[in-house]
Structure formats: structure tokens, C-alpha cells
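Given only the sequences and the hints, what does the whole structure look like? Please build it.
Going line by line, the protein sequences match chains A and B.
Per the numbering used here, the very first residue in the first sequence carries number -19; after that it's consecutive.
Per the numbering used here, the very first residue in the second sequence carries number 41; after that it's consecutive.
Some clues are possibly wrong.
[What the hints assert, rightly or not] Distance windows between CB atoms, simulated:
| hint | chain 1 | residue 1 | chain 2 | residue 2 | range |
| --- | --- | --- | --- | --- | --- |
| 1 | B | Ile185 | A | Phe(-6) | 34 to 44 Å |
| 2 | B | Arg54 | A | Thr180 | 44 to 54 Å |
| 3 | A | Pro279 | B | Ser228 | 53 to 63 Å |
| 4 | A | Val155 | B | Gly243 | 32 to 42 Å |
| 5 | A | Glu283 | B | Pro254 | 42 to 52 Å |
| 6 | A | Gln70 | B | Gln113 | 45 to 55 Å |
| 7 | A | Gln70 | B | Pro320 | 22 to 32 Å |
| 8 | B | Met68 | A | Ser217 | 53 to 63 Å |
| 9 | A | Ala8 | B | Ser228 | 34 to 44 Å |
| 10 | B | Met68 | A | Phe(-6) | 50 to 60 Å |
| 11 | A | Glu283 | B | Lys59 | 25 to 35 Å |
| 12 | B | Lys59 | A | Gln70 | 40 to 50 Å |
[What the hints assert, rightly or not] No farther apart than 25 Å at their CA atoms in a straight line, the calculated lysine to any residue pairs in the SDA-like style are these:
| hint | chain 1 | residue 1 | chain 2 | residue 2 |
| --- | --- | --- | --- | --- |
| 13 | B | Lys329 | B | Leu220 |
| 14 | A | Lys111 | B | Leu257 |
| 15 | B | Lys329 | A | Met71 |
I should point out that these hints are in silico values taken from the structure, not numbers from a laboratory.
Don't be surprised by glycine CBs; every beta carbon is placed ideally from N, CA and C.
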Amino acid sequence: MGNSIEVKDLTLNFGSVSVLKNMNLDVAEGEFVVLLGPSGCGKSTLLNCLAGLLDITDGQIWIKGKNVTWAEPSDRGIGMVFQSYALYPQMTVRGNLSFGLKNARVPQAEIDKRIARAAEILQIQPLLDRKPAALSGGQRQRVAIGRALVRDVDVFLFDEPLSNLDAKLRSELRVEIKRLHNQLGNTMVYVTHDQIEALTLADRIAVMKGGVIQQLAAPLEIYNRPANLFVAGFLGSPSMNFLKGRTVDGGRAFQFGSTKIDLAGYEGGAVLERDDAILGVRPEHITVSTTPIAGPSIPAEVEIDEHLGADSLLWLKAEGANLSVRVPVEGRLPAGTKVHLGLDIPKASLFDAKTEQRI
Amino acid sequence: MADLSMSSAMTGPRGARPKRALSPRNIMLYGILIVVCLYYLLPLYVMVMTSLKGMPEVRLGNIFAPPVEITFQPWVKAWSEACTGLNCDGLSRGFWNSVIITVPSVILSIAIASVNGYALINWKFKGSDIFFTILIFGSFIPYQIMLYPIVILLREMGLYGSLWGLVLVHSVFGMPILTLLFRNYFSSIPEELFKAARVDGAGFWGIYFRIMLPMSLPIFVVALILQVTGIWNDFLFGVVYTKPAYYPMTVQLNNIVNSVQGVKEYNVNMAATLLTGLVPLVVYFVSGKLFVRGIAAGAVKG
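Here it is in C-alpha cells:
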């Protein structure tokens, strides 16, 4: 399988502001890549560059083995879905779907065939003769996806397509997009700031910040083995607990305040002694016990107890740091309780505090 | 006792709060509105009444009195018989001149300005913002400053004294404000719509005609009203850049009203003035609703 999209040394400057910096990204055929990051990280900008809606400063973009760096958006073999749906309000759904095909002078019989197929896949047959104003948000986004679908292209670009929908519709359409991807097998590039969408949809996630891809890997890899502090803190809700300390005993243990934590089982292997290290542990990888536990444990005190429905969050104070721990509902403890915390070291991440990179 | 308190709870204030028709606020509000209405309507009333009277009745001086004997003779005279200089064919000549000036000027200026606004928002080029700033600056320069330079320009172009010269002047002078109007309106249309159309393979004109134009009826109506009234009511350019045979209606009206020989025919003057004002008035009434909507829509974003 070849690469569907290849971005080579892509640089984009707006005046003196550098938005994308020397970026390289390969997307395999049929792959679902999610660009994830906070607002202003350049993820939508990258997508617009792929679509040809922004002129890049330097570098190349290849789609399907063709250099499309200077090609018009319509000649790139892409379909695009926008956050605000961007349906043409004065046209019916059918008109919206056929607009691009008519511009490309596709014969009417072929247009009808493709619209019928797209309408069937997206289940919008009854809506074809309505205007966008008469559709609900979910229906509008379906039509917008349909507009990309009828173009019969290999690459779909999604620009935060679900951000304008309410929570229930969002999860429904999320599943639908995943189903669509399984069914059609197109290459999809999907921009979002919602980590749930990223984790559930993606084959690979590219976490971006400041116009640079911080880490490009499978969702679980990114969740379990974040490459740096930013990625570790960005994914997960509540975010990962960061314990500031140093590695001691030749890198075999982590000194956190007055507690020494044995690093046996940490997958990083050779950890040298460092004065500035950060141990990252996700809230679900900490166990709470009211009685002293075997092995290294951190004494802590419960400050706040948040009930989330399916489980609970305990906010604790330990060695002057604030920690959050996810516990089952029956594990809830009243504020002020003195507890001992056990860490799941094999699932933890160790970072260099200076470079912020994973050790 | 318990029953009583219960029923008073049920009979107490409930539902919408009653409004007093003659509250001090309403008296002030409607009082001022009525005064303002009279201020504007009274002159109109006097004009209409005077134009329907014969000269003997006008001479009596009761300007507020309705006509004893209604006559349309002043209207007929104003339209087709009143004399200006050597011509005695009334306002009709000026009316048709005005039509010939207004129609192409309005079409030309709106067509160019709408494309200007569209290009300035959606197809930004290097220096497009500076271009726009310079264009807007044009709307702050008093016309009088440019009167004579334009005479020279038109002379060099061979258009001085012709209808097309005047059409050109009107189109150019409408450009700053109209471009601003269209630019602001188009900027309120989501950019993603434009992007989607580009992905769908529509070009500069395709997007303009198929996407932007159908969504912009209100702003076109606003531009139409602004231009029709502006150009129809223009006096200065009409008198400076054309020759007597091409004088627009406003200039013709002035010449009729200010003609010095003979008696002042107030009834004819009133009828002539009403006739001249009729076209902008009709345009307002026909498209008033769209006008307000378009002004509001254009004003949201700047």
C-alpha cells in the first residue's frame, strides 16, 4: 500500500509569523489520521493547505502520487467537510450535492447515480428536495459529508465536522463517520480538538502544537507512551498527574518529596540519575488505600470528591502537589481522609523536566 | 378564613402585567412622533393642494385650504408645456434624460462595486487592504474639489457634454460607498461557503454568480435605492457635465421654477416638484422592507 498523502518539508508563514514549520507527514492509503491540538496549533491550517485553500510558503504536497502543490482545490482529488457545514443555502440538498459535479461537467445520468448512492449511504433520500434551512444540524452535516462523497475522491478532509453539534448527535455521527470509513476505505484526515473523537476514530493521531507535530502514533500508543510533556498533558481527562522530583539510585528510583518510588518495571529501561525529572501517572493508574500498602506509597489527603456517575474523582494533596485519582463509585472517600497512594509504575511515563521529552 | 386567603391568592395578580394606554411615557412618545410627522407631512400637504388649484384660487393665499375646484391642468402643464428657455415641452424631456442617465449609471456602478467588494473579501491580493483604504478615502472628499479636474478629464476623453460622460462620473462617484457596502455584506457570508465552492471547482465568476449573488438580494436592493435616489436627485453633476439638451429632470425643474418672465405659477411649480420626486418615492415604497433589512445586514460587520 502506497502513501495517499505525502507532506514534504511544508512551511507556511503569514507575514513574519510562522504557522507551520518544516512539516513532514505521510498518510497511508485508507488510513484515518486525526490532527489533534489546541486552537491555534495549525491543525486547520494544515488541512486547508492540503485542500489547496491556502498557498504554502515552501515544501511540497503529494496526493495519490501526484505533486499537487500548485493544483487548484478541485483538481486535488479531495472532498472536504466543514465545521459550519457550508451548505449553499439557496440550493436544495440535491443542488448542493450536484454543484461540484456540474462544475466538473459530469454527465447528468452519472450525477443522478452518484447522488442516489450517497443518499442511500447517508440515509438522506427523503431530504433531497429540501433546502438546508429546513434541516436539523445532524442532517446538514450528513449532507455536507454527502457533498464530499459524490465527488468520488480518495481523500476526505474533515475540519472539525462535529464541533457545532450537541453531545448526543456528536457521538452518533462519530460512530457514523467511523462506519463510513470502514465501508468506503477512503483515506481520511480529520481535524479536531476533541480528544475523544481523536482516540475513537483515528488509526493514527498527530498531536500538534505551535505548527509542529509533537507525536504521530496510534491512539493507545499516544495515550500510554506520550512522547513529551505536552502530549501527556493534552490527552486524558482529567489530565495526567505530574510529580516533580529527581531520579536516584542510578536511575532505579524516583525521589518525590520525602518518598522514594521504586522504578522497577518502568519500560524506559536505562534511566540515568537526573536532578530534574517528572513522573507522569494517569488518574486511573493510581490506587488509593486507607491502610498502609506494601511497596512504595505516597501519603496523601483527600481534598475534594467529585462524583461523575460511572466513577468518581478524588482530588488529593500529596507532598505539596495536587493529584487526581479515578476510583470506582464505592471507593469514594470524604474530604480530609488520610490515604496511601500506590502507583502503577509500568504504565507511568518519565520525563526530563528540561527538555520535556520522555525518558 | 382559610378559604378567604386561598381565594385572594387565586384572584391576585396573574399573567401579563396590564399596560396603561395614557401613561406619561406614551404621551411623550406619541406626542413627539405626531409633531415630527406633521413637520414633514404639512409641506407635502400644501404642495399637493396647491398643485390641484387653478391660479385664481392660488392667489387667494389660503395655502392650507383644500381646492374648491380640483384641476389637473398644472400637472399637465408641468409635464408637457412649461417653458425653459426656448423649449416648451415641460419636464418630460428632463424625465427621459434622467432615465437615460440613471439606468446605465445604476447598473454599471452596482455591477462593478459588487465585484469589487467580493474580490476584496474573498480573493485578497497583495495590497488589497491598501487599495480598499484608498477607495474608502474617496468617499470623504467633497465633490466640489473634483468638479473642474473632471471637466478636463472628460474633455480629454471626448466625453464632455455627453450623456455617457455623466454616466461615467456617477459610476465612479458611487464606487467608494457601494464597494464598502458590498464588502461588508460579503464579509458576513461565512468564508467556509466560499471554500466549499472552491473545492467544488467553482471559479471566480462561478462563485460570484452561483453562490454570492443569490444570497445577496437585500444588499443589491439597498445599493439600488441608494443609487437611484442619489443619481436621480443629482443636480450639480447634471448641470456641469451635460449640455442643455441632456439636462436631467432636476435641472429642468430648477429652470422651470426659476424662470423669470411672466407670473410665478405656483401650482405648476408644485406639480413639477412632485413629479420629479415621484421616482425615488416609488422606489422607496416598493422596496422599503428589503431596504431596512439590507442596511441592517450590511451594518453588522465592518
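Evaluation of the provided hints:
Under the hint 34 to 44 Å, the C-beta atoms of isoleucine 185/B and phenylalanine -6/A, about 39 Å apart, fit the expected range. For the pair arginine 54/B and threonine 180/A, the supplied restraint of 44 to 54 Å holds, since their beta-carbon distance comes to about 52 Å. Between proline 279/A and serine 228/B the C-beta distance comes to about 60 Å, which sits within the given range of 53 to 63 Å. Between valine 155/A and glycine 243/B, the C-beta spacing of about 37 Å keeps the proposed range 32 to 42 Å intact.
The beta-carbon spacing between glutamate 283/A and proline 254/B, approximately 59 Å, falls outside the hinted interval of 42 to 52 Å. A beta carbon spacing of about 51 Å between glutamine 70/A and glutamine 113/B agrees with the range 45 to 55 Å that was offered as a hint. At roughly 30 Å, the beta-carbon separation of glutamine 70/A and proline 320/B lies within the given 22 to 32 Å, and the hint holds. Checking the proposed 53 to 63 Å range against methionine 68/B and serine 217/A shows it holds: the Cβ atoms sit about 57 Å from each other.
In this structure the hint that alanine 8/A and serine 228/B lie 34 to 44 Å apart at CB holds, the actual value being about 41 Å. Take methionine 68/B and phenylalanine -6/A: their Cβ atoms lie about 54 Å apart, and the range 50 to 60 Å holds. Distance hint check for glutamate 283/A and lysine 59/B: the Cβ-Cβ separation is about 54 Å, which falls outside the suggested range of 25 to 35 Å. At about 42 Å, the beta-carbon gap between lysine 59/B and glutamine 70/A stays in the expected band of 40 to 50 Å.
Straight-line distance between C-alpha atoms of lysine 329/B and leucine 220/B comes to about 21 Å, which keeps the hinted pair within the 25 Å bound. Using a Cα cut-off of 25 Å, the hinted pair lysine 111/A and leucine 257/B holds, with the two alpha carbons roughly 17 Å apart. In summary, the hint linking lysine 329/B to methionine 71/A is supported, as the alpha carbons are separated by about 24 Å, within the 25 Å threshold.
In the structure shown, a violation is registered for the earlier hints numbered 5 and 11, in ascending order.
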